[in-house]
Amino acid sequence: MTALLYRGHSYEAQAASPKACVELTYRREHYNTCREEAAHNAPPSLTYRGVSYAK
Numbered sequence: 004m005t006a007l008l009y010r011g012h013s014y015e016a017q018a019a020s021p022k023a024c025v026e027l028t029y030r031r032e033h034y035n036t037c038r039e040e041a042a043h044n045a046p047p048s049l050t051y052r053g054v055s056y057a058k
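So for the sequence shown, the working numbering puts the first residue at 4; every next one is plus one.
You may find that some hints are simply not true.
Quick list of simulated restraints, FRET-style, between CB atoms [said to hold, decoys possible]:
1) C37 / L7: 24 to 34 Å
2) P47 / L8: 37 to 47 Å
3) T50 / R30: 11 to 21 Å
If you're looking for bench data, these hints aren't it; they were derived computationally from the structure. Bear in mind that the values here come from a model prediction, so they are computed numbers and not experimental data. For every residue, glycine included, the Cβ atom is placed at its ideal position computed from N, Cα and C.
Kindly generate the complete structure, drawing on both the sequences and the hints.
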């Protein structure tokens with residue numbers, strides 16, 4: 004953990020609480036709020052100005 008020193012007092016960041024995965028629907032498209040699961044489902048590619056790039 005990284006400690007923060009502010010005006011002579013040290014602070015430590017609290018551990019993040021785990022979030023539940025939620026599937027959202029917007030304009031008939033489905034989105035998942037879990038980044039790990041979404042990263043596994045989508046192929047790593049990028050399209051910039053009509054040119055496709057793959058990782």
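Is 24 to 34 Å right for how far apart the beta carbons of C37 and L7 are? For C37 and L7 the Cβ distance comes to about 29 Å; the hint holds.
With 37 to 47 Å as the target window, see if P47 and L8 comply at their CB atoms. This hint holds: roughly 39 Å between Cβ atoms.
Using the beta carbons of T50 and R30, state whether their distance is inside 11 to 21 Å or not. Taking Cβ atoms as reference, T50 and R30 lie about 20 Å apart, which means the hint holds.
In summary, this structure violates none of the numbered hints.
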